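Asker: Taken in order, these protein sequences are the chains called U and G. All letters in the first sequence, in the order written, are residues 660 to 912 by my numbering. All letters in the second sequence, in the order written, are residues 12 to 274 by my numbering.
Read the hints as simulated data drawn from the structure, not as lab findings. All figures in this text were calculated on a predicted structure; none of them were measured in a lab. Please note that a few of the clues may not be correct.
Covered by chain U, according to a simulated footprint, are these stretches of chain G (three or more residues, beta-carbon under 8 Å) [claimed, not checked]:
1. 86-95
2. 127-133
3. 233-242
By construction, the Cβ of each residue, glycine as well, lies at the ideal position given by its N, Cα and C atoms.
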Amino acid sequence: MKFRAVITEAPAMRDFMNISLSLSKFSKDCVLRITARKLYFIISEEESGPRRPLVWCELPVNFYFKEYNVVGVNEQYNEIYLEFSTVLLARSLSILKQNVKSFKIKLTNKESPCLTVEIELMAGEIISRQVVHDIPVEVISRKHWADYEEPRFDDFHVSIQMPNLKAVRSIVEKMRNIGHSLIVSANKNGRLTLQTKTNIVSLSAHFPDLGIKSFAVGHITTTNSDDEDDVNQNVRSIVDIKKVSHVPVWATN
Amino acid sequence: MLFCAEITDFKIIQNVLRSITMKDFAILRPLAEGLKVTLDEMKCVETSAYIPKEMFSMYHVDTIENIIFKVNLKILVDILNIFGDDGNPNLKLSYNSEGSPLCLVMNHNEENITVDCEIRTMNVEDGSSISLAEECDLNKMVIDANILVELLHRLDNNADEVTLKFSPDPPYFTLCCSGIAGESEVNISKNSESVRIFQCKVPLTFHYHFGNIRQILKVMGYANKVAISTGESGLLGLQLAINSDEKQMFVEYYVTSLYGDGD
Numbered sequence: 660m661k662f663r664a665v666i667t668e669a670p671a672m673r674d675f676m677n678i679s680l681s682l683s684k685f686s687k688d689c690v691l692r693i694t695a696r697k698l699y700f701i702i703s704e705e706e707s708g709p710r711r712p713l714v715w716c717e718l719p720v721n722f723y724f725k726e727y728n729v730v731g732v733n734e735q736y737n738e739i740y741l742e743f744s745t746v747l748l749a750r751s752l753s754i755l756k757q758n759v760k761s762f763k764i765k766l767t768n769k770e771s772p773c774l775t776v777e778i779e780l781m782a783g784e785i786i787s788r789q790v791v792h793d794i795p796v797e798v799i800s801r802k803h804w805a806d807y808e809e810p811r812f813d814d815f816h817v818s819i820q821m822p823n824l825k826a827v828r829s830i831v832e833k834m835r836n837i838g839h840s841l842i843v844s845a846n847k848n849g850r851l852t853l854q855t856k857t858n859i860v861s862l863s864a865h866f867p868d869l870g871i872k873s874f875a876v877g878h879i880t881t882t883n884s885d886d887e888d889d890v891n892q893n894v895r896s897i898v899d900i901k902k903v904s905h906v907p908v909w910a911t912n
Numbered sequence: 012m013l014f015c016a017e018i019t020d021f022k023i024i025q026n027v028l029r030s031i032t033m034k035d036f037a038i039l040r041p042l043a044e045g046l047k048v049t050l051d052e053m054k055c056v057e058t059s060a061y062i063p064k065e066m067f068s069m070y071h072v073d074t075i076e077n078i079i080f081k082v083n084l085k086i087l088v089d090i091l092n093i094f095g096d097d098g099n100p101n102l103k104l105s106y107n108s109e110g111s112p113l114c115l116v117m118n119h120n121e122e123n124i125t126v127d128c129e130i131r132t133m134n135v136e137d138g139s140s141i142s143l144a145e146e147c148d149l150n151k152m153v154i155d156a157n158i159l160v161e162l163l164h165r166l167d168n169n170a171d172e173v174t175l176k177f178s179p180d181p182p183y184f185t186l187c188c189s190g191i192a193g194e195s196e197v198n199i200s201k202n203s204e205s206v207r208i209f210q211c212k213v214p215l216t217f218h219y220h221f222g223n224i225r226q227i228l229k230v231m232g233y234a235n236k237v238a239i240s241t242g243e244s245g246l247l248g249l250q251l252a253i254n255s256d257e258k259q260m261f262v263e264y265y266v267t268s269l270y271g272d273g274d
């Protein structure tokens, strides 16, 4: 098994760093699935039984990496699955905040399998400094790969365009100070509503006129009421607000 | 509808309320002339913000009823700041009838976002409506706020007590405190350029807990002028005038003295 990838562009490095930071907020452990075309970060829910992903992050290789090479488990399955600590990765990648010339990540064997991060810093015009971090990983054998299957996206009831994430971030953060759960609902007219309630305060934020990609045809029982009621048909979902609040942070940094 | 009001550009109100939120709850009193917000549960100190009706683009209050209720000020201030630092939202407040929640509706100016909120209100036993302002009727000085802030910072931060002295003779107005580091004293002459009004009917000296005075420094940073007044009982009144564009709002702060006149 071999894996080696290099990033030289600053925005790609920044993105990578932000992703690792967000991952560390969701969970302590993460699975990295390395394929020829994409890199996947997968965090599973901590329940027993068939694992469902809590976070599924896909990075197209040619967008991020200048150089990329992977040799998987065997020719038929040209992929590698590794489990690693998100905290260690986030910590190592925090160096990318500085002036970095290049960032290399590769699979190595240093007494035990590791993801080695090599960062070349521009310390001056002539002298450059190199930082090397080894992050121990656990190689996941092929028999467990089925646990990290790609989730199906076709049973969504509503697919709606997201409004300005900066505003969403500010609002969700304030809601987090108030309640524990966030009620997310959308209606056919493209109105997205975020709500949180406690016995003291009820707070809703409405984002109208958003683009709708798909809306629950066949999932909602249509009643025989007037057209007016039809417009107000809502699809809603209640989520843990702490988990939602991490996502906009990554996207707006 | 007992009370409803609309305001555009309430950044200054947001900032002032945030800087006086030292307690969780506040008592709201929509009066004919404006909205008064008083912090609840403060023992030797009373802090109020007063927002005159001229600051609002629309202001309606049922003057027959004596409207008074309590809300969680921390939550209110948080929600007023829901769009963060950008966006110049406009706000609509309403209070339907006794016991109903306080309703807020905010529209973000640039993005198409509407926030609506209901905060539960609580009843207030309308206690004695003593006019604290009437108690501070003997001596008064109106001074530029930034000068007073600077002078208060010059006094020893570690001192527990500050002594305030009004006199018809020089040095006229003195603040002093003694701490482990020594004594620090600040004098303001009535003839100083920063002093607008000076009146001393009776020379008075009172001592106050310095921490109580320092609490007001944060909001004093937003003020243009401060009126300091005292009376026989030793109650100290600080009235801050805060200007925003052409409008003005006020914060009033009353502190009881530690012990009486005479050194």
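Asker: All hints are to be evaluated individually against the structure, with a verdict given for each.
Answerer: Comparing the hints with the structure gives:
| no. | hint | verdict |
| --- | --- | --- |
| 1 | 86-95 | holds (count 7) |
| 2 | 127-133 | holds (count 5) |
| 3 | 233-242 | violated (count 0) |
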